[in-house]
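2 protein chains.
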Amino acid sequence: MAETTPIDVDALVERHLPDVTAAAAAAYARGFHSRYPERPTDPAYGDDPFPEGEAAFDAWQQRGLHLDQPTTGGLIVGEVSPYGPQLGISYPTVDPAALVAAAADALPQWRAAGPDVRAAVCVEILDRLGARAHELGLAVHHTSGQPRVMAFQAGAPHALDRGFEAVAYAHAAMTRHATSVRWEKPGKHPTVMHKTFHVAPQGVAVTIGCRTFPTWNAMPGIMASLATGNPLIVKPHPATVMPLALVVEVAQQVLVDAGFSPHLAMLATEGPDEPLARRLATDQRVRVVDFTGSSAFGEWLEEHARQARVFTEKSGVNSIVIDGTDHAAGMFANLAFSLSLYSGQMCTTPQALFVPRDGIDTDEGHLSFEQVGERIAAALDDLLEPPEKGVQVLGAIGDQAVLDRIDEARSLGTVLADSRALDHPQAPEAVVRTPLLVAVDAGDAHAYDAERFGPIAVLVAAESTDAALEHVRDLVARRGAITFGVHTREDKVRAQATEVALDAGVSVSFDLTQGVYVNQTTAFSDFHATGANPAANASLVDEAFVTCRFHLVETRIHAQDG
Amino acid sequence: MAETTPIDVDALVERHLPDVTAAAAAAYARGFHSRYPERPTDPAYGDDPFPEGEAAFDAWQQRGLHLDQPTTGGLIVGEVSPYGPQLGISYPTVDPAALVAAAADALPQWRAAGPDVRAAVCVEILDRLGARAHELGLAVHHTSGQPRVMAFQAGAPHALDRGFEAVAYAHAAMTRHATSVRWEKPGKHPTVMHKTFHVAPQGVAVTIGCRTFPTWNAMPGIMASLATGNPLIVKPHPATVMPLALVVEVAQQVLVDAGFSPHLAMLATEGPDEPLARRLATDQRVRVVDFTGSSAFGEWLEEHARQARVFTEKSGVNSIVIDGTDHAAGMFANLAFSLSLYSGQMCTTPQALFVPRDGIDTDEGHLSFEQVGERIAAALDDLLEPPEKGVQVLGAIGDQAVLDRIDEARSLGTVLADSRALDHPQAPEAVVRTPLLVAVDAGDAHAYDAERFGPIAVLVAAESTDAALEHVRDLVARRGAITFGVHTREDKVRAQATEVALDAGVSVSFDLTQGVYVNQTTAFSDFHATGANPAANASLVDEAFVTCRFHLVETRIHAQDG
Numbered sequence: 001m002a003e004t005t006p007i008d009v010d011a012l013v014e015r016h017l018p019d020v021t022a023a024a025a026a027a028y029a030r031g032f033h034s035r036y037p038e039r040p041t042d043p044a045y046g047d048d049p050f051p052e053g054e055a056a057f058d059a060w061q062q063r064g065l066h067l068d069q070p071t072t073g074g075l076i077v078g079e080v081s082p083y084g085p086q087l088g089i090s091y092p093t094v095d096p097a098a099l100v101a102a103a104a105d106a107l108p109q110w111r112a113a114g115p116d117v118r119a120a121v122c123v124e125i126l127d128r129l130g131a132r133a134h135e136l137g138l139a140v141h142h143t144s145g146q147p148r149v150m151a152f153q154a155g156a157p158h159a160l161d162r163g164f165e166a167v168a169y170a171h172a173a174m175t176r177h178a179t180s181v182r183w184e185k186p187g188k189h190p191t192v193m194h195k196t197f198h199v200a201p202q203g204v205a206v207t208i209g210c211r212t213f214p215t216w217n218a219m220p221g222i223m224a225s226l227a228t229g230n231p232l233i234v235k236p237h238p239a240t241v242m243p244l245a246l247v248v249e250v251a252q253q254v255l256v257d258a259g260f261s262p263h264l265a266m267l268a269t270e271g272p273d274e275p276l277a278r279r280l281a282t283d284q285r286v287r288v289v290d291f292t293g294s295s296a297f298g299e300w301l302e303e304h305a306r307q308a309r310v311f312t313e314k315s316g317v318n319s320i321v322i323d324g325t326d327h328a329a330g331m332f333a334n335l336a337f338s339l340s341l342y343s344g345q346m347c348t349t350p351q352a353l354f355v356p357r358d359g360i361d362t363d364e365g366h367l368s369f370e371q372v373g374e375r376i377a378a379a380l381d382d383l384l385e386p387p388e389k390g391v392q393v394l395g396a397i398g399d400q401a402v403l404d405r406i407d408e409a410r411s412l413g414t415v416l417a418d419s420r421a422l423d424h425p426q427a428p429e430a431v432v433r434t435p436l437l438v439a440v441d442a443g444d445a446h447a448y449d450a451e452r453f454g455p456i457a458v459l460v461a462a463e464s465t466d467a468a469l470e471h472v473r474d475l476v477a478r479r480g481a482i483t484f485g486v487h488t489r490e491d492k493v494r495a496q497a498t499e500v501a502l503d504a505g506v507s508v509s510f511d512l513t514q515g516v517y518v519n520q521t522t523a524f525s526d527f528h529a530t531g532a533n534p535a536a537n538a539s540l541v542d543e544a545f546v547t548c549r550f551h552l553v554e555t556r557i558h559a560q561d562g
Numbered sequence: 001m002a003e004t005t006p007i008d009v010d011a012l013v014e015r016h017l018p019d020v021t022a023a024a025a026a027a028y029a030r031g032f033h034s035r036y037p038e039r040p041t042d043p044a045y046g047d048d049p050f051p052e053g054e055a056a057f058d059a060w061q062q063r064g065l066h067l068d069q070p071t072t073g074g075l076i077v078g079e080v081s082p083y084g085p086q087l088g089i090s091y092p093t094v095d096p097a098a099l100v101a102a103a104a105d106a107l108p109q110w111r112a113a114g115p116d117v118r119a120a121v122c123v124e125i126l127d128r129l130g131a132r133a134h135e136l137g138l139a140v141h142h143t144s145g146q147p148r149v150m151a152f153q154a155g156a157p158h159a160l161d162r163g164f165e166a167v168a169y170a171h172a173a174m175t176r177h178a179t180s181v182r183w184e185k186p187g188k189h190p191t192v193m194h195k196t197f198h199v200a201p202q203g204v205a206v207t208i209g210c211r212t213f214p215t216w217n218a219m220p221g222i223m224a225s226l227a228t229g230n231p232l233i234v235k236p237h238p239a240t241v242m243p244l245a246l247v248v249e250v251a252q253q254v255l256v257d258a259g260f261s262p263h264l265a266m267l268a269t270e271g272p273d274e275p276l277a278r279r280l281a282t283d284q285r286v287r288v289v290d291f292t293g294s295s296a297f298g299e300w301l302e303e304h305a306r307q308a309r310v311f312t313e314k315s316g317v318n319s320i321v322i323d324g325t326d327h328a329a330g331m332f333a334n335l336a337f338s339l340s341l342y343s344g345q346m347c348t349t350p351q352a353l354f355v356p357r358d359g360i361d362t363d364e365g366h367l368s369f370e371q372v373g374e375r376i377a378a379a380l381d382d383l384l385e386p387p388e389k390g391v392q393v394l395g396a397i398g399d400q401a402v403l404d405r406i407d408e409a410r411s412l413g414t415v416l417a418d419s420r421a422l423d424h425p426q427a428p429e430a431v432v433r434t435p436l437l438v439a440v441d442a443g444d445a446h447a448y449d450a451e452r453f454g455p456i457a458v459l460v461a462a463e464s465t466d467a468a469l470e471h472v473r474d475l476v477a478r479r480g481a482i483t484f485g486v487h488t489r490e491d492k493v494r495a496q497a498t499e500v501a502l503d504a505g506v507s508v509s510f511d512l513t514q515g516v517y518v519n520q521t522t523a524f525s526d527f528h529a530t531g532a533n534p535a536a537n538a539s540l541v542d543e544a545f546v547t548c549r550f551h552l553v554e555t556r557i558h559a560q561d562g
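Protein chains in written order, with this note's numbering: chain A, 1 to 562; chain B, 1 to 562.
Honestly, the hints are just simulated from the structure, not real lab data.
Incorrect hints may have been included.
Note: identical chains are not told apart, hence a pair may lie in one copy or across any two.
[What the hints assert, rightly or not] Lysine-lysine pairs mimicking DSSO-like chemistry, simulated, CA-CA at most 30 Å apart:
no.	residue 1	residue 2
1	K188	K389
2	K389	K185
3	K185	K492
4	K492	K188
5	K389	K492
Full structure from sequences and hints, please.
Structure below.
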């Protein structure tokens with residue numbers, strides 16, 4: 001732990017709380033709101049942010065990680081970047097029971113701090129991470145393999161905005177009730193009581209990070225748990241520890257500066273074959289678990305971590321229905337980007353694209369099913385050639401299982417666009433692949449009835465648009481989905497698709513032809529997942545995401561003036 | 001189903017919505033608020049409400065139950081009152097899958113009605129039940145065995161107020177977000193989208209009623225589920241069907257009058273040995289379950305109804321710590337009432353009363369442990385003699401298991417007040433028992449380490465007040481508790497007890513010596529349970545109780561003006 005610079009907590013509350021309140025109002029209004037600029041060259045990030053960020057990232061690796069938490073004394077060597085370098089941060093080995101005990105010991109102090117102070121401390125953590133956004137982005141880039149600019153945006157400002165949103169929701173929910181009241185029951189002899197309402201956390205919280213979006217998917221749970229008073233243990237995916245290690249290091253620094261125990265935020269890095277997440281999640285003192293990752297482990301958690309509130313984001317099959325378009329060129333370019341971004345390694349990437357067998361009507365005339373496939377393939381080429389441009393969209397693939405899936409998927413149907421290897425001009429070791437697009441018939445349900453995480457999409461010939469929508473309804477109900485897109489020229493189809501979306505519990509984007517993509521949601525305006533289908537039992541971020549992380553404890557006594 | 005009198009839904013919204021909004025504000029402020037007068041002779045209930053209520057109750061039995069729902073054609077004969085009479089309402093037999101299918105079919109219409117209309121319809125249901133409060137109270141009296149006035153108050157106005165509170169919370173939560181927004185992302189070429197946010201219910205809801213408080217414990221879940229758009233199936237306890245049958249009959253009438261399907265509220269009465277609750281709760285289309293009852297079945301539901309949000313109130317051990325008092329006479333009278341009310345058949349009745357072995361300081365001087373026991377016994381006699389007065393507090397016991405438990409509990413320790421049978425002057429068949437009070441040492445943990453539902457209390461000699469508080473912390477954490485009371489003259493002890501309450505997750509009442517009892521909570525001001533200990537995973541009513549009964553589905557499209 002670096003040196004402590006004491007924070008005046010009252011001043012911190014005065015500085016940050018108005019922003020928290022404004023952020024909650026913005027979240028309820030759903031308009032544009034952001035605290036952390038998404039442009040990497042924004043003046044907020046310095047005069048020359050790219051080289052400065054890289055220098056800071058190197059300096060951090062020189063310095064090493066400084067955490068104040070129980071350790072079993074060992075060190076876990078850091079990750080190897082999908083772009084080549086061995087990363088220079090090592091992580092302490094831990095005993096899960098010791099972490100939970102330390103967290104539980106720190107709870108009463110954090111509970112007593114109250115909603116305002118906790119929210120202000122959380123915002124300060126976010127702001128200090130915001131000041132180190134390029135370091136955070138590089139940590140995401142070099143572990144997840146996300147392309148550089150995307151890793152910055154999704155990994156730093158967007159993730160921090162999601163965290164800020166969670167703080168705002170949590171604060172609003174915790175402060176919506178009076179903290180005390182003089183209760184007077186009318187009558188001949190009125191009964192008068194003094195009642196006090198205390199916000200109490202559920203217990204120790206655990207956030208289990210995912211491989212592909214270590215910060216974006218984790219920050220909402222991290223901030224929601226901390227803000228509501230739950231001491232936090234962060235268990236990153238073993239392949240992408242570094243970004244969350246930085247988050248925990250900064251959180252501990254702020255907590256200590258503000259006079260709190262560093263054990264309110266701790267890092268749990270697992271060694272090989274160590275079931276750390278299972279042990280943490282099933283500890284009786286752990287009462288909140290946030291998880292993003294496989295359906296298998298998400299379901300295991302839901303089944304076994306019964307003492308906790310378990311928030312899961314698992315896998316699903318995201319669909320697009322193409323009924324027609326008024327802007328064919330825009331539609332195909334938009335779809336190509338959605339399929340390509342980060343090599344399709346997003347829980348929001350479209351996987352099944354349903355098109356009526358007889359083709360679609362567009363501003364460019366009728367296009368047959370085959371022509372739709374050709375146009376998507378051409379749009380992929382446009383987007384990804386030359387390779388030095390393509391790698392900026394695709395990033396690198398760090399997981400062998402993704403490569404295996406591509407190979408297997410070729411045999412699903414007719415290959416419309418094959419997955420190709422691209423050379424990364426700056427990183428010869430990087431494994432880069434373009435998306436695979438395969439055409440199948442709706443009768444070949446096995447081809448689209450399962451998630452195939454990675455740059456793999458299936459163009460499905462459906463009987464009709466009606467039939468396509470019914471396929472989506474069924475897929476979402478059985479397999480889950482985070483996203484759903486529809487292209488059409490007809491209000492009737494939009495209304496029909498909205499009913500399907502409501503029945504199945506998935507949000508829908510219509511006619512995206514410009515710079516908004518179906519796989520992207522923005523904090524404060526778009527909800528990420530609904531919590532209503534098998535892909536996720538929670539939404540980032542809504543009220544259900546925060547209200548069951550704390551409870552209210554009442555004390556009452558006859559009023560002295562009663 | 002009786003004749004339909006169409007309701008103008010817009011006018012209904014105009015009439016009820018301001019009250020719903022005001023009720024939400026009141027709930028957040030936690031002051032006194034009530035819609036349904038608790039005085040049985042309030043003019044709202046007619047000129048001569050007792051005989052009029054009885055006449056209406058008889059007339060209802062003559063008329064019989066009229067429900068519009070799928071039935072298997074059989075009839076289940078009504079209950080026998082613990083006060084003697086065979087009750088005259090029979091219930092239709094049902095096939096659970098057919099009920100769920102009918103409910104699911106009715107869902108889209110109810111979802112489309114939106115939060116305002118649903119809230120207004122819910123209030124209309126409550127108001128019509130309020131107009132029949134004496135019938136509802138008599139139905140509770142003659143099934144649960146609650147004494148007449150208590151059955152009226154807890155069974156009708158208080159239950160309806162809790163339901164109203166749930167509607168208010170649900171409406172506030174559903175309407176907190178904008179329903180649509182023009183989202184503009186700043187930039188050289190601003191991106192503009194039009195976004196719409198739809199409130200969607202989780203699916204079919206099931207409320208499983210309990211034997212002792214058929215309406216009070218069920219109305220919050222019933223109203224929270226209906227208001228948030230979930231079609232509802234009510235499965236009462238087989239011994240106390242009648243009150244909830246009236247609720248469903250009235251709900252169907254209002255729904256039909258307002259132009260909705262009666263299948264949005266249906267009754268599921270089970271025959272002998274029919275596992276109806278299990279079948280309903282585990283149906284894949286059932287997404288919300290509310291349950292009050294045994295820990296065994298509550299835990300079964302939590303384990304098996306995995307497709308649903310399950311809200312449970314189970315059993316626990318409620319404690320009182322007596323450290324001292326400034327008003328000994330008031331304290332003993334208050335405790336005697338709490339132990340006696342409805343023969344201790346409340347989930348909030350104190351069961352373990354901890355007293356320092358060396359006695360306590362009071363306004364009447366020092367009282368030894370033995371003297372404390374004697375004074376409680378004397379206060380019980382004062383309250384319950386003569387029998388015609390006693391039966392008005394005790395009510396009748398309808399469950400043989402309660403009587404068996406009394407017999408078993410005598411051997412737990414030294415009997416300070418034995419449980420006696422009282423003759424009910426108006427109902428010779430009624431089984432009435434006074435509370436049993438047994439003294440034990442804190443070392444005899446088996447004597448107080450389990451719920452003994454009924455008129456059974458244990459006075460526990462503890463090493464000290466500190467030790468007593470630690471026993472409570474441990475009991476709440478392991479066994480759960482809905483209530484906790486403390487009597488003391490010391491602020492230090494109050495502070496200590498508050499910490500215990502916060503750690504254990506239970507609310508605490510201090511120094512109740514007047515007309516407020518530890519086992520009573522009042523809608524809009526007191527939270528019933530915290531949801532944070534094994535006695536209940538939810539609180540009646542808070543935001544967590546409503547926010548996960550619905551989800552938000554977003555649709556977005558590029559704005560035409562963008």
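- Query: Is it within, between, both or neither when you check K492 against K188 at 30 Å Cα-Cα?
  - Reply: Result: close neither inside a copy nor across copies, 63 Å intra and 34 Å inter.
- Message: Treating 30 Å as the Cα threshold, decide for K185 and K492: within, between, both or neither.
- Response: between (55 Å within a copy, 28 Å between copies)
- Message: For K188 and K389, with the copy left unspecified, which applies at a CA distance of at most 30 Å: within, between, both, or neither?
- Response: between (81 Å within a copy, 23 Å between copies)
- Message: Within a copy, between copies, both or neither: which one fits K389 and K185 at a CA-CA cutoff of 30 Å?
- Response: For K389 and K185, only the inter-copy Cα distance (25 Å) is at most 30 Å; the intra-copy one is 71 Å.
- Task: Could you place K389 and K492 in one of the four classes (within, between, both, neither) given a Cα distance threshold of 30 Å?
- Result: neither (39 Å within a copy, 69 Å between copies)
Checked against the numbered hints above, the structure breaks hints 4 and 5 and satisfies the rest.
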